[in-house]
Structures are given as structure tokens and as C-alpha cells.
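Got chain A; can you put chain B on it based on the hints?
Those protein sequence lines, which keep their order, are chains A and B. In the working numbering, each number is its position in the first sequence, counted from 1, plus 26. In the working numbering, each number is its position in the second sequence, counted from 1, plus 9.
Possibly wrong hints are sitting among the right ones.
[What the hints assert, rightly or not] Partial pick of chain A residues on the chain B-facing surface, computed with a CB cut under 10 Å:
| no. | residue |
| --- | --- |
| 1 | 57 |
| 2 | 58 |
| 3 | 62 |
| 4 | 78 |
| 5 | 86 |
| 6 | 183 |
[To be verified] Just the calculated beta-carbon pair ranges, DEER-fashion:
| no. | chain 1 | residue 1 | chain 2 | residue 2 | range |
| --- | --- | --- | --- | --- | --- |
| 7 | B | 61 | A | 134 | 52 to 58 Å |
| 8 | B | 94 | A | 220 | 31 to 37 Å |
| 9 | B | 101 | A | 192 | 41 to 47 Å |
| 10 | B | 293 | A | 219 | 39 to 45 Å |
| 11 | A | 28 | B | 211 | 57 to 63 Å |
| 12 | B | 398 | A | 219 | 36 to 42 Å |
| 13 | A | 27 | B | 192 | 33 to 39 Å |
| 14 | B | 91 | A | 107 | 48 to 54 Å |
| 15 | A | 72 | B | 231 | 54 to 60 Å |
| 16 | A | 71 | B | 54 | 49 to 55 Å |
| 17 | B | 379 | A | 217 | 52 to 58 Å |
The hints are simulated quantities; they were obtained by calculation from the structure and are not laboratory data. On a predicted model such as this, the values are computed, not experimentally measured, just so you know. Backbone N, C-alpha and C fix where the C-beta goes; we use that ideal spot for every residue, glycine too.
These are the residues of each chain, in order.
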Amino acid sequence: MLVEVLILGRGGQGGATAANIIVSAAIMDGLMAQAFPFFGAERRGAPVKAFARISDGRILRHGMFDEADVLVVMDQGLVRTNYTKEVFVKDGGRIVINSQRDAGIKSKSFNLLGKAFFYRVDARAIALRNKLVIAGWPIVNTPMLGAFSKATGLIRVESIKKAVMEFFEGRAGEVNAIAVEEAFNEVEEFNPIDV
Amino acid sequence: MVLKSLTGNYAVALAVKMARVDVVAAYPITPQTTIVEKLAEYIDGGELDAIMIRVESEHSALAAAYGSALAGARAFTATSSHGLLYMYEWVNWVSRARVPLVMAIVTRTIGPPWNIWTDHSDYYEQRDTGWIQGFAMDSQEVFDMTLQAFKISEDPRVYLPVMIGLDAFILSHTSMPVEVPEQELVDEWLGARTQGFIIDGSEALIHGALSSPEYTEEFIKDMGKAMEEAVEVIREVDYSFGRTFGRSYGGLVELYKCSDAKYHLVLMGAWAGDAMEAVDTLREQGYSIGVVRVRYTRPFPGEELYKALSSSKGVIVVERGVSFGSMGPMFLDIAGNMLKYSRKLPYMRNVIAGVGGVNVTYKDFEYIAKETIDYIESGEEPSVMTWYHARRSK
Numbered sequence: 027m028l029v030e031v032l033i034l035g036r037g038g039q040g041g042a043t044a045a046n047i048i049v050s051a052a053i054m055d056g057l058m059a060q061a062f063p064f065f066g067a068e069r070r071g072a073p074v075k076a077f078a079r080i081s082d083g084r085i086l087r088h089g090m091f092d093e094a095d096v097l098v099v100m101d102q103g104l105v106r107t108n109y110t111k112e113v114f115v116k117d118g119g120r121i122v123i124n125s126q127r128d129a130g131i132k133s134k135s136f137n138l139l140g141k142a143f144f145y146r147v148d149a150r151a152i153a154l155r156n157k158l159v160i161a162g163w164p165i166v167n168t169p170m171l172g173a174f175s176k177a178t179g180l181i182r183v184e185s186i187k188k189a190v191m192e193f194f195e196g197r198a199g200e201v202n203a204i205a206v207e208e209a210f211n212e213v214e215e216f217n218p219i220d221v
Numbered sequence: 010m011v012l013k014s015l016t017g018n019y020a021v022a023l024a025v026k027m028a029r030v031d032v033v034a035a036y037p038i039t040p041q042t043t044i045v046e047k048l049a050e051y052i053d054g055g056e057l058d059a060i061m062i063r064v065e066s067e068h069s070a071l072a073a074a075y076g077s078a079l080a081g082a083r084a085f086t087a088t089s090s091h092g093l094l095y096m097y098e099w100v101n102w103v104s105r106a107r108v109p110l111v112m113a114i115v116t117r118t119i120g121p122p123w124n125i126w127t128d129h130s131d132y133y134e135q136r137d138t139g140w141i142q143g144f145a146m147d148s149q150e151v152f153d154m155t156l157q158a159f160k161i162s163e164d165p166r167v168y169l170p171v172m173i174g175l176d177a178f179i180l181s182h183t184s185m186p187v188e189v190p191e192q193e194l195v196d197e198w199l200g201a202r203t204q205g206f207i208i209d210g211s212e213a214l215i216h217g218a219l220s221s222p223e224y225t226e227e228f229i230k231d232m233g234k235a236m237e238e239a240v241e242v243i244r245e246v247d248y249s250f251g252r253t254f255g256r257s258y259g260g261l262v263e264l265y266k267c268s269d270a271k272y273h274l275v276l277m278g279a280w281a282g283d284a285m286e287a288v289d290t291l292r293e294q295g296y297s298i299g300v301v302r303v304r305y306t307r308p309f310p311g312e313e314l315y316k317a318l319s320s321s322k323g324v325i326v327v328e329r330g331v332s333f334g335s336m337g338p339m340f341l342d343i344a345g346n347m348l349k350y351s352r353k354l355p356y357m358r359n360v361i362a363g364v365g366g367v368n369v370t371y372k373d374f375e376y377i378a379k380e381t382i383d384y385i386e387s388g389e390e391p392s393v394m395t396w397y398h399a400r401r402s403k
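If we strip away everything but chain B, and leave its shape as in the complex, we get:
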């Protein structure tokens, strides 16, 4: 094990290299570009025995990765924002074909106006595609989650593609120390690729042809079942990763100072670290609060969140994205999923912030938390959904 300084993007690239992928197909888009640039360097320098397929668009990038994966190759691609939107047809095709594959999404605001900074709108828009979706907080977790993604995707109970989200710049371009394990240990833990079926010309097999509605429904229901089983697979993989490499994250959700917390900040991504720092300060000031960091949004960790939040005095879900005409996508998921366990929900508030890449710091989280807690403690109920910056500038 060595400690290396890696940006989020380089952490992805190193994990992909150590997973010994066979094929990388990608098209450059900021801020994802340095992932595939680094992979190209690895291949060029003979450090990674893989094929880099140069394509003319993201649509073709995922198609090429899919074709390779279909033929039995461990394949990878990465993209951001408009690139992801351009490959949208293939995003759906790959998951419905049940082909294991890993893709990194360096989250970036969708234009116009043209914008390269992080919000989670591109990532959120993928939530109904049937991909397993994880979101990392720092370079170490990016590295670990990328390795884990191959294991989860290639588990026979799952056979679904996995996308890993990481925030543009505040994670993708930020250097941090990362513990890098020995290659032999990674090989042993990850094992050889498995997949449901292989099309390599050795036997006749029809795939993706017309099917009756009844059979199609069976395929779709089976995807739902695989997604449900993925909950346990993600927990298992996190556990076995911890046993082998000494780091685990608590499964689909990380709890920070929650054991005795009365109030909870819920969020995902790099800024969860800033929220944790705010919680440290708030606790010094006597506020009983913890952070619930969502690591996976598909499958959605309803059970974990119900356990963590059901007896909360106030749940503050802070999100870098919004479903126009509704609310934050994660807030809707939390509220809906908790109803599976109880009709009685705690007080919940949805704060939309940092959209368009607006900088949000630990100071903002202190403000957001205090304001909501002070409202509730004084017996008042603030609005369920609010835009943080619009409200502050009034």
C-alpha cells in the first residue's frame, strides 16, 4: 500500500487501470477529459494492456464500450453533462441488455447558459435508466467506488451497468492523498469478469430482437429484481472490500455523528465533507445534528434512510439539482421510500443549493442547519422546499 496524491479524475483512471479493463472508449468533454487522457497514457506507456477506441461522439463511445462488453471485455467510459445527454439512448440500451459496464460521470451543470461547474442535474437525469448509481465524496472514495463498481456490475445477481458520480473540479481536479493497494491484492479481490451472456461469434445468439409485451414485461420486472438484489450486493462488496483493503463506508449510506443526533443533514457528493465540518462546529455550539451521506441513489437506500431518519426532529435534504415543477429528486425519493416503512414521516425540508456550480461552503451549511433548527425549536414550520441562494439575496 502506498499513499499517492491523486485528483478525483486520476483516482478513477488508476482504479480502472488496476481493474485491468480491456477496452476504453471515450470522447473528450470537460471536466471528464483527464480521466481518459490518463488512461491513454497508461496504455501508451504499456502499463495497461487495453484497447482505446477513438470515436466521434459520446453516443458512439458508449455503443463501442457496450459492444466490447457484450463480447466479454471489461469495458469503461466516462463523460459529463452534454456528453452524457448525447449518449442517453445507449445509456438505456446497455442496462436493459443487462451488460456489466462501468462509466464515470464527472457531474457538470447542463446548459444553457454554458457552464462547466458542478451540479447534479446530469447525474439525476439518469435515475430511471436502470443503472446502478453511486456518488463519491473524495478521491479515496472515487478510487474505491470505481473498483467496487466492476465487482457489483459483474455480480450474477446484478448484471447491470454502474455509473459513478464525482463533482466537477471540487473533486475531479482536486489532488488529495489516496491509499493505493497492491495490484495482486486487487486482482485477487476483483477476480475475472463474469456476465450473463457473451456474443463473440462462437455460437448463434439473437439479442435485442422484437419480443412480445408479456415477455418484455418479464425482462423489465427482472431488472427491478436485480436492482433490489443489488442493495445486498453493494453491502457485501463494501464489507469484503473493507476486509481486504481496510476501508469500508457503511454500505449505501454513510452516517456521520448520527448516533445521538436529533437533526439530520442529508446530501451526496464532495460538499458532504463541508457539511460534516459544519456539523463539527454546530455540535460545539450545542446543536444536536449529524450528516447522512447518500452514497448510492440507485438502488435507493430506503431502508437505511428510514432507520437513520425515522425518529429525527428535522431532516434537511440539501440538493444540487431540482426536478422542474416538482422538488429535489433525492427529497422525493426519500419521502416516497420512507412511506414503504411507515405512514408517519418526520419533519422534512428540501433546500436546493449550489445549482449551476455556485460555491457552497461549511459556512453555508451552518446557516442552513441553524435556520431550520431554530424554526422547528420555536414551533414554526418553514416551507418544505426552498432555494437557498435566492432566499439569502433578498
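If we strip away everything but chain A, and leave its shape as in the complex, we get:
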């Protein structure tokens, strides 16, 4: 088993941190994993990528990829602007989007190499509800990890929460773990608009 996860977000949203937390959580579940940011210049607010691999064996391959088994989209604006078309989603892949129910996500905003399963969670609302805001930005990377856990079943939500609490120590860790749990419970599968 080797699963390649691509996280699309905006510079400063914590996509690379989310990928790193996936590795720590995977280790707790007895899995091997790898995480890395996009190799190049990044700017706050600009569309960026982060990468993770999860496996039940040693991971030999290195480097960036553009075909994902799991695509995590941390900002629904990246769907609207078709940044999601920069990458591909493999047959049987899962797409987890931070979006509101009425966002009108269309399947043509994605390069699908076969059938894909869509999931959405309003991570922004979860962040605001828990007062997870830094420098005016709602923290969506931790709730997206809760949604990732539920949508993929790859890593237990308990491990994600534990890894989050190790990463953000103290009170911040606890609140982020609550956001993980809420997103895990609130994420739902949906059918994108097929036009």
C-alpha cells in the first residue's frame, strides 16, 4: 500500500505543517510516511502545494508528484480559480475540500483520471467557532486533517489529535484537537455539479 497525498492551499495556511502532522500520526498507527513542502519560492496568500506519502512498508521514492490518491484542498477559492487543475486525481481517488455546502463545486474543476469521491467540510467555520485565528486567518489545516482521517480511513483520528497536540503544545494543541474532532464528525461525502 502506498498512498500519495497532495495538499493544495495558500502560502501561510499550514499545508506543509499538515503534511508533517500526517507523518507523526502515521508513525503512531505503525505506518511509514513522508512529507515535504513544494520545493521552490512560496509567498503568503499565493497557491501552494504540500506532499505526503503513507505506506505500510518502507517508502523508497522521493520528490514531488502531480498525481494524487488523495487531494486535500484547503481553500475553496482554489477550486473556483481552477488551481486544482494543476494536478491530477487517480482513479478511485478522494478529494477533501474546505468548502461551504452552497459553494457549487464542479467536477470539471478537477483533472480526474477515473472515478473520484468528493468530501466537504466547512473548516473555516470550525476554526472561527473555536477562535482558531492567527493574524486574521482562520486556522484550517488542523480541521482538514480530521476530515482527511474520516474521508480516507488511512490514519485514526486519535493519532491525528495526538500528533496535533504534540505539534502545538498546551492550550493551542487542545483547541486544535477539538477542531480535528469536529471536522471528523462534520465532513460529508457529496456529489459535485456535473456540467
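What follows is chain B alone, placed relative to chain A:
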């Protein structure tokens, strides 16, 4: 033993901390920076009892590390690309002074054009400096090789500095699980620092003064001898590391699925993992092929490579660097070193790829291997040296 998620850079920093270095001197350069940032954090947080010397350039960074090592301190520095080139004078001075020291090189393409991604040109350019040079494949090996580097460097048969290469970003900034041993076990295995001579003011000693050509030649010949002895020391250290920590790598070269292989991919660095994955797929398709991963390029593992490759039907040396007007530096080393054992060499091909940081994946290795094998099986001989990407874009 605990399993920790570490980037290649953090694996270096943790190993340096666990080796209980006394002095770190460094100047920041991407992609090496997070190594010394992490070490600064360790020192600041009281986890590492060492002195961080802030300097104004890489030239001074290595000079400061050298001065500290000369006085008996276990010293460390790290750099990349232009930083390494800027310290070049000191790189040569440290090895010729026979002072044990460890330096991490996060390999990065030399500019212009300005580039932060990995190739091995900065590392290759150090091959005649008299440093022992190792190159790791993943974070675990980075950690292990860094610890081993202190032991090798401080062995009385060696007393040469050691540099550890790791690829920019695909290793330096990639988090992976790393088995971290107990500190007591590391202390016991590594032991206290030893070195040939110490200059700390307690006795009068002249070092580095003018010497006659005849004496100078003796010094240089002795360096060559130390380099030869280092082959056995590296094997021993790898073996004893395995006995203590449960991991060893086969010495200077790692063989992957080579026992029955007719063809061989030879390379070093993080992308060797991608080549191993390609070999898994190729074997499913009926290709008899293995990977020979070079872990040390100085001393060059001529004997290991001769044993692994002498009866190969085709040797494909894939390199992230080139000696302009000649060929890939490792290919030249392999061909030259194998001549020490036999005048008859197998068919060998040198593929230059991934230069400038171009992404090379397991799919590319499948293509490279298949193309060469298909040529040879059909009785044709492809060109000895080729640029992979230039050829593909035609």
C-alpha cells in the same frame, strides 16, 4: 529507541547533538539553514552544551570549526553550493592538517542561473580535497552516517575530515520516520574524541609552517595511505554500528537485488530509492536488474564495485553532475578503479540526469534501464555517455 519524524536536515542536527559536539560554526545558506537553526535551538534550550560561533561567511565558518577542532573540540559545520565554494581554501587546509571534523553538505546546483534545487556538482567538486565523502539516501541514513562520520574521522588510522552529502529538499526538507537510539548507547559507541595533535597553548608546537618538498611529499603520501586505510575503517564502523544499533548498510556500497542481476544501475543519493522502486517494477516485467548504491565516493569503493559489476552485462551509471568536457565524475572513478583489478571491463554507460534539480522519478529510471537493456539485448551499443533529458525532448 524511539521512532521520530525528522527531515534530512533535522536528522543531521539530532545526530550532531547526540555526538555531543563542542562547537558549531556556520553561516546560513539555503537549503542547509535548518540544520544550524535546529542546533542553535538545542544550544539555546540547554539540550546541547556547545558554543555556536556566528561568523560573517562560510570561509570563516570552516576556519572557526578548524580552530576549535585543532584545540581538541568536537566541531561541526554545514553548508551548500556557493557557501561550500566560498570555503574551498579551508576545505583543503583542514584535510591536509589531518584535523578530524564533520561537515554536512546539502547538495545544491551551482549558479548561474541561480538555483536552489539538488544536483551533485558542489559535492563532486570536493573530490580531490582529501576529505572522506559519504552520501546518504534517506533521513535514517543521514542520522546514522553523521554519527558514523565522527567515529571515522577521529580514528587514529584516518584523522581526516568527513563530509556527508544529502540532497536538497528531496531529502533535506522531507520528513520521514527515524529510529533514534538512547543517548547512553551513542555515548558508549562513539567514545571520547581522539586526534593526532592538539594546539591549546599547553605546549609549544608549530603547525602548518614551511616544509621542504621532500617532507611535504611524505605528508601527502601519508594522507593517501590514511584514505586507503579509511576503506577498512568505514567497513568496521558500519559493522560495529550494526551490532550496537541494529542497522548497517554493507560498508561503502549498498547492493539492492544484485545477487542474481545481469544488469546494474549505479548511483548515489536520495533518488537511489526511486531507482530501487524502478528495479522492483522491472523485475516484475522480467528484467534482471539490481541497484548498486554508492555510499562513499572518497575513499572510492573500487574493490566493492569491481566485485559487484565485473560480470555485469551492462552497467548504467546515472549521475546528477558532469565534469565539463569529460564525463560524469563517478563514471570516471568506476572505470579507472576497476582497471586496478582487471583490464577487461563490462559494457558501461554514463547517463547524466537530474542536473539543475530536474525531477527524476522511478518512471525515468524504468525508461533509462529499459532503453539500455533493449539496446544491448538487440546487439547494438548505445553511446557511452548521454544526457537523459536532452535526448528525451528531441
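Problem - Those earlier numbered hints the structure runs against, lowest number first - result: Those not satisfied are hints 6, 8, 14, 16, 17.
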